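Heads up: the sequence lines are chains Z and G, in that order.
Residue 131 in full-length UniProt numbering sits at position 131 of the first sequence, with consecutive numbering throughout.
Residue 476 in full-length UniProt numbering sits at position 476 of the second sequence, with consecutive numbering throughout.
No lab work stands behind these hints: they were computed from the structure.
It should be emphasised that the depicted structure is a prediction, and the values quoted were computed from it without experimental measurement.
Note that CB positions come from ideal geometry on N, CA and C, so glycine has one too.
Some hints could be false.
Residues on chain Z that point at chain G, a partial pick, calculated with CB under 8 Å [as the list claims (entries may be wrong)]:
1. LEU122
2. ALA123
3. GLU124
4. HIS126
5. MET127
6. GLU130
7. LEU131
The chain contents come next:
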Amino acid sequence: MTGETMIDGSPTVSASTALQELAALVKKSPLSSCERSRADALVAELKKELARGELANHVAQRGFHELCVRLAVLDRDWAAMERHIQQLLPLYAEDARSGVQSPFRDLLIGLNLMRLLAQNRLAEYHMELELLPATEPQRNPYVSFPFQVEQALVEGSYEKILHIEAGSEWLPFIELLQETTRREMVTCWAEAYTQATLVELATMAALPVDDVGALLARVLDPAQYQIEGEMVRFRSSDRIQEAPSPRLVATASIARSMEYIRGLERIV
Amino acid sequence: MNVFQEEIARALTLTERAALTREPRLVARVLRSLGTLRRCWNGKLYEYRARKLETLAATELVAVELFPEDAEALREERLRKERARKAATITVQKEAPGSETTDNDVSKPDKKSIVAAEDAGGDTSEGRWPSRRFPAAVSDPVLAAKQAYVALRWSLETCSPSAPSLHAQSLADDLEAALDWLLDHNRQVVATARQSAARYESEDARNEITRPALNGASATKASPQESVSLSKDTANPRQAFGVVASVLQPESIAVLHLLVVYFLLDAHGDDTLRLRAVDCADRLIALLEQSPRRHTMDEISARGYYAMTLAYERVGRLAECQPRLFSAYRTAFVRRDHTGQAALLNQLLRTFINDRRYAQADQLYSRAPFPDIRSNSQLARYFYYVGRIKAIQLDYSEAYRCLNNALRKAPQHMATAFRVTVLQLLVLVQLLMGEIPELALFYGERHAVDARIIRRRMYPYLQIANAVRRGDLVRFQRVLGRARCPL
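Construct the entire structure; sequences and hints are all you get.
Here's what the structure looks like:
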């Protein structure tokens with residue numbers, strides 16, 4: 001506010017200084033609390049200017065949204081990140097048409113894909129992936145990482161994801177991704193196992209043994225599983241019940257064949 | 001006056017009457033007959049007939065090989081059918097000049113011809129009725145294209161004094177520009193058909209195909225020389241139209257304009273021709289928007305928008321159509337114009353899917369209901385687009401259901417490219433669901449006219465399915481590297 005009133009003439013000067021200050025703040029990523037409040041104040045100011053239409057410059061708008069996305073990632077504010085990304089993607093489409101490119105475009109597209117994956121929105125992830133050119137996963141290192149993660153997720157190799165080694169920019173997503181992966185694993189357990197020991201499940205989920213119960217409670221209906229001491233029994237309503245003993249089935253079919261034979265003999 | 005002139009004249013008379021009596025179903029019927037016209041001057045009828053004769057010859061070859069004692073009986077039957085067909089074409093040609101000499105009783109010839117058309121369409125299979133009315137189209141598509149050009153020029157000239165909005169001169173220029181390209185296209189069609197026919201060793205097969213060509217060329221050689229000169233005194237508009245041609249209804253004007261746009265689009269020319277087509281389509285849309293929108297105009301405007309999107313797509317500017325399509329869709333929805341709504345919804349989905357904007361296509365699909373219409377072709381397209389969206393969103397069971405529905409709603413013998421595309425996507429979706437598709441899917445019906453095309457296009461997908469069935473990754477990668485799968 002003070003910067004604006006002091007400089008009469010173009011308000012864009014204050015906007016650009018605000019942007020530069022914000023960029024400097026974002027660059028030193030772990031922000032102390034006063035730096036964070038300063039960053040929030042700057043963001044609010046720039047939003048007002050955007051609303052008033054004074055950030056008419058394409059580059060300034062793009063820069064503002066990029067900085068907001070990165071701040072939102074640091075704060076793990078996924079809703080804000082989504083909003084700013086949605087403003088940013090049409091700007092990138094215009095860029096693609098005119099041939100210019102922002103230096104942060106690769107990073108932010110990768111971050112968006114990773115967010116969709118971590119929130120388990122696979123449909124939207126694929127729809128976003130369709131919009132990128134086919135060479136993107138090879139060309140863009142920030143896209144190849146979520147690409148490999150998605151392949152592992154769909155394959156079902158969950159331990160690969162749980163023990164993943166990622167760069168610093170992916171850290172906010174890693175916890176969310178691990179939670180998503182564990183949820184997928186639990187649904188797989190409910191379908192695959194009739195019973196399993198808590199220790200086995202804990203090693204698979206890379207969790208301490210005491211947390212497995214909480215995990216099951218979060219994901220499954222209480223009717224679907226039952227913890228008995230060291231074992232967990234999974235109950236699925238539509239699983240095909242195995243025959244109680246193979247001999248019974250054979251007896252029934254033998255009896256049926258004998259009936260047919262007797263009937264045929266009678267006819268012939 | 002050649003067959004195309006009559007056909008166009010009759011179509012215009014019918015649209016006049018439909019517009020005056022406010023009957024949208026009559027307009028729908030007229031437009032369906034225009035589809036036949038288009039296939040005639042496109043060379044598609046010739047292709048279809050040639051391929052059908054080939055498959056017939058192939059089956060007969062097989063039959064003769066298996067049962068040589070029946071060879072004579074088969075030949076007799078074939079000759080008998082040919083004679084019956086030729087007799088039918090001659091009688092129809094005799095009827096046609098008869099209908100135009102009666103000038104006072106104008107309503108009767110219309111009814112007679114409609115009844116004759118219905119009879120012919122009712123008791124024969126769908127392939128034979130156009131081949132009776134348009135023998136030139138079946139035997140010599142180059143001639144058919146010339147006749148169509150003549151007919152369109154004639155109708156433009158006769159209609160232009162009464163319809164100043166028609167801009168006949170510019171449309172006539174467009175027709176001229178398109179004519180050469182269309183003739184080229186049709187000559188290529190004939191060449192490829194003769195090549196594929198020549199593959200069969202049997203003398204009978206070759207005689208079969210060339211004999212109607214010779215007959216057709218000799219019989220109609222007399223007429224085009226006269227009609228090319230555009231003699232206006234023999235073609236009296238009053239006689240032909242039956243109503244006073246001083247004031248044409250906007251529907252008829254739109255139908256004529258639509259025919260010209262179709263002619264341009266079918267010519268498949270180079271860039272200048274495609275840009276011409278875009279201009280023509282733009283003018284058609286402007287005409288449609290200015291005219292009073294009664295329900296008789298619904299079908300015509302739906303096809304007009306289809307032609308416009310096709311023209312823009314050929315030039316690569318499909319995204320520019322979107323605002324116009326959206327406003328037209330809003331208008332159609334508000335006016336309860338179901339055919340227009342369905343057609344425009346399909347075009348909108350196509351614009352999104354072409355740009356791979358599946359998120360926006362999905363939103364449109366969820367917000368806009370598909371109206372309850374009888375047209376199977378629009379339903380087929382809708383199911384295909386929805387199936388594609390669902391497949392991208394990993395909802396494979398829904399996608400499988402939609403694509404199967406699209407196959408069912410698609411025509412059995414026509415629209416080969418559409419069916420092949422749907423089949424390819426269907427195979428992929430089935431593989432992704434974990435099921436191996438059955439072998440019959442890759443082959444099509446055994447003696448269908450387009451069986452060879454389907455088999456050739458589906459061959460890479462057959463290889464992929466085989467690789468998946470065996471679990472052979474090496475083979476899978478090899479097929480992917482070698483083939484160019486568009487999906």
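Hints versus structure:
1. LEU122: holds (6 Å)
2. ALA123: Cβ of ALA123 (chain Z) sits 4 Å from chain G, so the hint holds.
3. GLU124: holds (7 Å)
4. HIS126: Holds - the Cβ of HIS126 (chain Z) comes within 8 Å of chain G, reaching about 6 Å at its closest.
5. MET127: Since the shortest Cβ distance to chain G is 4 Å, the answer is holds.
6. GLU130: The hint holds - GLU130 (chain Z) has a Cβ within 8 Å of chain G, the shortest such distance being about 5 Å.
7. LEU131: holds (6 Å)
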